[in-house]
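Taken in sequence, the protein lines are chains A and B. Quick note, the first sequence lines up with residues 1 to 309 if you use the working numbering. Quick note, the second sequence lines up with residues 1 to 253 if you use the working numbering.
These aren't lab readings, by the way, just hints derived from the structure by calculation. Hints are supplied without guarantee of correctness; some may be wrong.
Simulated crosslink set (DSSO-like; lysine-lysine; CA at most 30 Å straight-line) [what the hints assert, rightly or not]:
{"id": "1", "chain 1": "A", "residue 1": "Lys217", "chain 2": "A", "residue 2": "Lys29"}
{"id": "2", "chain 1": "A", "residue 1": "Lys126", "chain 2": "B", "residue 2": "Lys84"}
{"id": "3", "chain 1": "A", "residue 1": "Lys126", "chain 2": "A", "residue 2": "Lys139"}
{"id": "4", "chain 1": "A", "residue 1": "Lys29", "chain 2": "B", "residue 2": "Lys84"}
{"id": "5", "chain 1": "A", "residue 1": "Lys139", "chain 2": "B", "residue 2": "Lys84"}
{"id": "6", "chain 1": "B", "residue 1": "Lys18", "chain 2": "A", "residue 2": "Lys139"}
{"id": "7", "chain 1": "B", "residue 1": "Lys84", "chain 2": "A", "residue 2": "Lys14"}
{"id": "8", "chain 1": "A", "residue 1": "Lys126", "chain 2": "B", "residue 2": "Lys252"}
{"id": "9", "chain 1": "A", "residue 1": "Lys29", "chain 2": "A", "residue 2": "Lys139"}
{"id": "10", "chain 1": "A", "residue 1": "Lys139", "chain 2": "A", "residue 2": "Lys119"}
{"id": "11", "chain 1": "A", "residue 1": "Lys119", "chain 2": "A", "residue 2": "Lys29"}
{"id": "12", "chain 1": "B", "residue 1": "Lys84", "chain 2": "B", "residue 2": "Lys18"}
Calculated from the model, a selection of chain B residues having no Cβ within reach of chain A, i.e. all distances over 10 Å [unchecked claim]:
{"id": "13", "residue": "Ile43"}
{"id": "14", "residue": "Glu134"}
{"id": "15", "residue": "Thr176"}
{"id": "16", "residue": "Ala192"}
{"id": "17", "residue": "Thr199"}
{"id": "18", "residue": "Phe201"}
{"id": "19", "residue": "Ala231"}
{"id": "20", "residue": "Leu236"}
{"id": "21", "residue": "Leu239"}
Chain A stretches covered by chain B per the calculated footprint, using a threshold of three residues with CB under 8 Å from any CB of chain B [what the hints assert, rightly or not]:
{"id": "22", "segment": "49–56"}
{"id": "23", "segment": "83–89"}
{"id": "24", "segment": "104–111"}
Backbone N, C-alpha and C fix where the C-beta goes; we use that ideal spot for every residue, glycine too.
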Amino acid sequence: MSVIDIRGLVKAYKGGTLALKGVDLSIGKGEIFALLGPNGAGKTTLISIVCGIVTKTAGSVRVAGDDIETDYRAARRRIGLVPQELTTDAFETVWDTVAFTRGLFGCARDDAYLERLLKRLTLWEKRHSRMLELSGGMKRRVMIAKALAHEPEILFLDEPTAGVDVELRRDMWALVRALRADGTTIILTTHYIEEAEEMADRVGVIRGGELVALGNKAELMAQLGRRTLKIFLDAPLAALPERLHGWDLDLADGGRELDYHFDSKAEETGIPRLMRQLDEAGIGWRDLTTRQSSLEDIFVSLVRAGDAS
Amino acid sequence: MNPRGMLAIYRFEMARWKRTLWQSVVAPVLTTALYFLVFGSAIGSRMSDMAGIDYGSFIVPGLILLSVLTQSVANASFGIYFPKFTGTIYEILSAPLSPLETVASYVGAAVTKSFLLALITLATAALFVEVRVEHPLLMLAFLLAIAAGFCLLGFLIGLLADNFEQLQFVPLLVVTPLAFLGGIFYAVGTLAEPWRTVTLFNPIVYLVSGYRWTFYGVADVPLGASVAAMALAILLPLLAIAWIFRTGHRLKQ
Numbered sequence: 001m002s003v004i005d006i007r008g009l010v011k012a013y014k015g016g017t018l019a020l021k022g023v024d025l026s027i028g029k030g031e032i033f034a035l036l037g038p039n040g041a042g043k044t045t046l047i048s049i050v051c052g053i054v055t056k057t058a059g060s061v062r063v064a065g066d067d068i069e070t071d072y073r074a075a076r077r078r079i080g081l082v083p084q085e086l087t088t089d090a091f092e093t094v095w096d097t098v099a100f101t102r103g104l105f106g107c108a109r110d111d112a113y114l115e116r117l118l119k120r121l122t123l124w125e126k127r128h129s130r131m132l133e134l135s136g137g138m139k140r141r142v143m144i145a146k147a148l149a150h151e152p153e154i155l156f157l158d159e160p161t162a163g164v165d166v167e168l169r170r171d172m173w174a175l176v177r178a179l180r181a182d183g184t185t186i187i188l189t190t191h192y193i194e195e196a197e198e199m200a201d202r203v204g205v206i207r208g209g210e211l212v213a214l215g216n217k218a219e220l221m222a223q224l225g226r227r228t229l230k231i232f233l234d235a236p237l238a239a240l241p242e243r244l245h246g247w248d249l250d251l252a253d254g255g256r257e258l259d260y261h262f263d264s265k266a267e268e269t270g271i272p273r274l275m276r277q278l279d280e281a282g283i284g285w286r287d288l289t290t291r292q293s294s295l296e297d298i299f300v301s302l303v304r305a306g307d308a309s
Numbered sequence: 001m002n003p004r005g006m007l008a009i010y011r012f013e014m015a016r017w018k019r020t021l022w023q024s025v026v027a028p029v030l031t032t033a034l035y036f037l038v039f040g041s042a043i044g045s046r047m048s049d050m051a052g053i054d055y056g057s058f059i060v061p062g063l064i065l066l067s068v069l070t071q072s073v074a075n076a077s078f079g080i081y082f083p084k085f086t087g088t089i090y091e092i093l094s095a096p097l098s099p100l101e102t103v104a105s106y107v108g109a110a111v112t113k114s115f116l117l118a119l120i121t122l123a124t125a126a127l128f129v130e131v132r133v134e135h136p137l138l139m140l141a142f143l144l145a146i147a148a149g150f151c152l153l154g155f156l157i158g159l160l161a162d163n164f165e166q167l168q169f170v171p172l173l174v175v176t177p178l179a180f181l182g183g184i185f186y187a188v189g190t191l192a193e194p195w196r197t198v199t200l201f202n203p204i205v206y207l208v209s210g211y212r213w214t215f216y217g218v219a220d221v222p223l224g225a226s227v228a229a230m231a232l233a234i235l236l237p238l239l240a241i242a243w244i245f246r247t248g249h250r251l252k253q
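Let the hints inform the model, and build the full structure from the sequences given.
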């Protein structure tokens, strides 16, 4: 069952920038979804529209069946947002600012819940500190506590680990896993591919306001993945012989290695023919290995394709 | 409805007021006390009655309004501008609150502050000069209406402002001059023509006159005109804010 349903979402900013060009996206309940994309691809715009901070130009967004415009109260109550920027009220205490958010979203006071939440985020000792006294990492934790203050079903994390130290990053992922275990749906944007690979059930790649790839990791690999055959040569080659110019080949490691790129889904990989031609050209080799492209390779190639177009 | 959400904003704004009590209460009360010392005691003692009222007493309602007008605009504009400036507005925008609830929460808190400030100023004035209030309920009702109008104006300014300078523009260059020329320190009838006529184009004249009437039963302009001015002071900024929220202009991209 999808908990977020986005149809034909378009956003044109006043300056004329077309930030989203008709995005369709469904996110399932309890899923961890990663939205990948370079800066300016439209990730934050997409999140901001769902959360009610930016108005859409066209299309529709439903949160658990509730339209974000006509049933905005029901839709927004379900959502918690951790924005990219550390924006806090400098003079408020940790406790007050988290309690404020809970009230703002219409929830009754529940000190026991807030206590558990602050302890979970190792903020309990700091509950009487004012925001301006906290380090950047602590402020980030407070932002997460605020987003969770009203017990949302859906949590948006916009670039959650940008500029975050190792410890906080590890804590954050532990928290994300625990939240998912509680049934919370988590949508995060990132340009750290390892994060998406490690954490997300599904990944969407956004580029220039369009969703250019979508699926779970294995699907994306199958859809867009390429394999590389590495051939370790007996003797280094100064240049590729002319008869091999028609092949997608690169020389690597000072000419000691020949890399052949091929489509893993293709019926004919061309490997037997390539090996015969190597023999005919008198190029000897001693070992072979194949490598599947990583999500990062896929991402980079998708983004490059966009730059070229 | 989201009454808890409204209460959260209201409390947040009142807490901000308590944190800055020196700036938001003590400073305006001190300023008003200085006015009484200078205009009431030092100069006022050498002046004849104004509209049949002792000069020191005459200026009390106007001075209360002077601090209410300036503080309402300053407080309400800052209340909404600052979250815009720091970025914390994201939370308000993503909350399950209607635009009307958001305005009512911020403006409600600002009106409360102005109302309390007016009563404190009145108590301060009573220490210096003799003050009597002929229509206490109407005095409170008019005060509430005028505070609401100028808090809405302040909220509107806060919505529109792009920087701190713009935030200060209206209070310093529009509200304060109009208030000083709005019949706080003199009765309109004491002015010579053409100034007597010119001054009637100043909307604050109508507010001060109506408010002073609730104290001493004398007015520069008909009471109906004063009530109409109060209604307009509320209605005009309210319509402008409604338009801004409906179009998302200035708050949402």
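How the hints compare with the structure:
A distance of roughly 18 Å separates the Cα atoms of Lys217/A and Lys29/A; the hinted pair therefore holds under the 30 Å criterion. Note on Lys126/A and Lys84/B: the hinted pairing holds, with a Cα-Cα distance of about 26 Å set against a maximum of 30 Å. About 11 Å separates the Cα atoms of Lys126/A and Lys139/A, which keeps this hinted pair within 30 Å; it holds. Taken as a hint, the Lys29/A and Lys84/B pair is broken in the structure, with Cα atoms around 33 Å apart against an allowance of 30 Å.
Using a Cα cut-off of 30 Å, the hinted pair Lys139/A and Lys84/B holds, with the two alpha carbons roughly 19 Å apart. A C-alpha spacing of about 24 Å is found between Lys18/B and Lys139/A, which places the hinted pair at or below 30 Å, so the restraint holds. Taking the CA atoms of Lys84/B and Lys14/A, the gap is near 19 Å; set against the 30 Å cutoff, the hint holds. For the suggested pair Lys126/A and Lys252/B, the alpha carbons sit about 33 Å apart, so the restraint of at most 30 Å is broken.
With a CA separation close to 29 Å, the supplied pair Lys29/A and Lys139/A stays within the 30 Å bound. At roughly 15 Å between alpha-carbon atoms, Lys139/A and Lys119/A fall within 30 Å of each other, so this suggested pair holds. As the CA atoms of Lys119/A and Lys29/A are separated by approximately 26 Å, the hinted pair is consistent with the 30 Å bound. As the CA atoms of Lys84/B and Lys18/B are separated by approximately 21 Å, the hinted pair is consistent with the 30 Å bound.
Its beta-carbon lying about 41 Å from the closest one in chain A, Ile43/B satisfies the requirement of being farther than 10 Å from that chain. Taking the minimum C-beta to C-beta distance to chain A, about 42 Å, the non-interface status of Glu134/B holds against the 10 Å cut. The Cβ of Thr176/B sits about 28 Å from the closest Cβ of chain A, beyond the 10 Å cut-off, so the non-interface label holds. Its beta-carbon lying about 51 Å from the closest one in chain A, Ala192/B satisfies the requirement of being farther than 10 Å from that chain.
No beta-carbon of chain A is positioned within 10 Å of the beta-carbon of Thr199/B; the least distance is around 42 Å. Phe201/B, annotated as away from the interface, keeps every beta carbon of chain A farther than 10 Å; the closest lies near 37 Å. For Ala231/B, the non-interface assignment is confirmed: its Cβ lies about 31 Å from the closest Cβ of chain A, beyond the 10 Å cut-off. Every beta carbon of chain A lies more than 10 Å from that of Leu236/B, the smallest distance being close to 25 Å; the non-interface claim holds.
At roughly 21 Å, the least C-beta separation between Leu239/B and chain A is larger than 10 Å, which holds for a residue marked as non-interface. With a cut-off of 8 Å between beta carbons, the segment 49–56 of chain A has 5 residues touching chain B; three or more are needed, and the interface restraint holds. Against chain B, the segment 83–89 of chain A contributes 5 residues with a C-beta closer than 8 Å to a partner C-beta. That satisfies the three-residue criterion, and the hint holds. Requiring three or more residues with a Cβ within less than 8 Å of a Cβ of chain B, the coverage given for the segment 104–111 of chain A holds, as 5 such residues are present.
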